[in-house]
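Student: Chain residues, written in single-letter form:
Protein chains: 2
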Amino acid sequence: MSSTPEVLISEVGPRDGLQSVQAIMPTADKRRWIDALVEAGLREIEVGSFVPARLLPQMADVVDVVRHALRHQGITVMALVPNRRGAEAALAAGVHKFTLPVSASEAHSLANVRKTRVQMVEALREVHALRREAAPGVAMEVGLSTAFGCTLQGAVDEDEVIRLAVACVEAGADEVGLSDTTGMANPAQVRRLFKRLRAEIGTRAGAAHMHNTRGLGLANCLAAFDVGVRTFDASLGGLGGCPYAPGASGNVVTEDLVFMFEAMGVSTGIDLDKLMAAREPLKTGLPHEPVYGMTPEAGLPKGWRVHHHPSNPSTSSG
Amino acid sequence: MSSTPEVLISEVGPRDGLQSVQAIMPTADKRRWIDALVEAGLREIEVGSFVPARLLPQMADVVDVVRHALRHQGITVMALVPNRRGAEAALAAGVHKFTLPVSASEAHSLANVRKTRVQMVEALREVHALRREAAPGVAMEVGLSTAFGCTLQGAVDEDEVIRLAVACVEAGADEVGLSDTTGMANPAQVRRLFKRLRAEIGTRAGAAHMHNTRGLGLANCLAAFDVGVRTFDASLGGLGGCPYAPGASGNVVTEDLVFMFEAMGVSTGIDLDKLMAAREPLKTGLPHEPVYGMTPEAGLPKGWRVHHHPSNPSTSSG
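For the protein sequence lines, the chains are V and E, in the order given. Counting from 1 along the first sequence, just add 3 to a position and that's the residue number in the numbering used here. Counting from 1 along the second sequence, just add 3 to a position and that's the residue number in the numbering used here.
In short, the hints are calculated from the structure, not lab data. Treat each hint with caution, since some may be false.
Any copy, or any two copies together, can satisfy a pair, since identical chains are not distinguished.
Claimed, not checked - Cross-link-like lysine-lysine pairs, in silico, DSSO-like; alpha carbons within 27 angstroms at most:
(1) K198 <-> K100
(2) K118 <-> K277
(3) K305 <-> K118
(4) K100 <-> K277
(5) K286 <-> K198
(6) K277 <-> K305
(7) K118 <-> K100
(8) K118 <-> K286
(9) K100 <-> K305
(10) K198 <-> K277
These figures come from a predicted structure and were not determined experimentally.
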């Protein structure tokens, strides 16, 4: 019953989702939402961004949210840090893991973080230097955004994506994943790029972060799984996308992704009923935002609870 | 430029879609819709059902619709026939291909056609006898509905599905496909069942008919493609489901399926811009029905038309 889940679903809603919407979720709802996610069995949660509150007022309470999340045992509390200053604040708050936004597309990099790709790799190096001296136990991942195409520049050269991934590893990243920020990926491309990524950086090849912009989100996750990817970013209720990638929207819905894997017999460690219940604090905290998900709407199939035995009950505390 | 497409997208909207909604599309709109589908490059279209108009008033004009569709060269005009009487009428109208509804679940069979599975195989045998003597050139396919699970009875035994497929071939079916009528399929199951199907009936293994009820429609199509399936049912705008499978809805959206394959470099012979344009007569003819599709909402990716060259321009006439 307590075997290790085969895939890690990394919940990005409290960061990627919340910073994509105008409305600001009250801190109390963020806490309740994170509690519900942990209760459902999520083991890695991106809980916020360490960026100036004037730029992202949705994240003004990030220190409080991190501290609350840290009350839960056995989960990885992750936060986005764009630079050394953000990383210092995140370390002070006590996060377990950084994620840094590096864009495969130069145009997206400039629009998203006002830095070139080279400057972002330099920022990564600085953050790595900081954590090496101050907190060597803290992990550092990069999700290469627009790795499959960019709404600003169009196609993104695959050789450049791989070279950038290698540069990120050389700058100190523990893991480099690939993000379909703009919903342009297709399963053949996903297989090709993740295979190349693994060939180049081995076990440092990280998460698949897919969007459902054109309906291909789960097919792309399946394609990534087929070539060995075992970490998948997803957002409860499909909340969020990228505000600086015009027309792009639609993180993969955690509920549907978990349903797909569990139905396939691939354990996630997540309890689907409890995951559905985690939609309630999200809806309460953002009453005017649409919340997506086909599985929540259709419900679990007849016979599911009889035939399906979750492999790993959730861990929770606090 | 005119190489044979690698996959056949079989459009089921004018039958499966239209008979699932209460509203009746006017005949003139059905004609315009079919014309637009042919113009987009669809080569197989299920245009209607030969069932009594008192049971399905949406299909009362099926003879007229078939005759109109037959004005187009180079397409396969298919119709659903539940029994010998329907097949006689369909032959008289001039269809190229029959499809018969055989359910893998006994409960669904009784609800859908008021016959047992054994009785439906017998009906298939009678239709086969008819076409053998009257129209040997007419093709006959079976889509095994509820092959991946049933909202009425729950799980459906996989051995039974395969045995029933073999029985359908023995009764004269040229092709037997598998339908996820209730949106319960997952990619692992799709691969397993289609592999078994091919092992048992070889090249008579037919189409994958997937639903998007829980968001897995395209992932399941990808899974079927991976194990050699090359014919896929889909419905423009995702119209339709199955009225006798409570809670089930959501045919795979043709636009999203075509986008997935074309983006992967798998040719469909379909022009995506013209396919989007085919939504207009559908919307005009059914103004109060929701029309789905992620790709139509998001639009084609930046750079798509520059980098993507459809392999096969559509054929059309009439």
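Student: Output the indices of the hints that this structure fails to meet, ascending.
Tutor: 2, 5, 8, 9, 10
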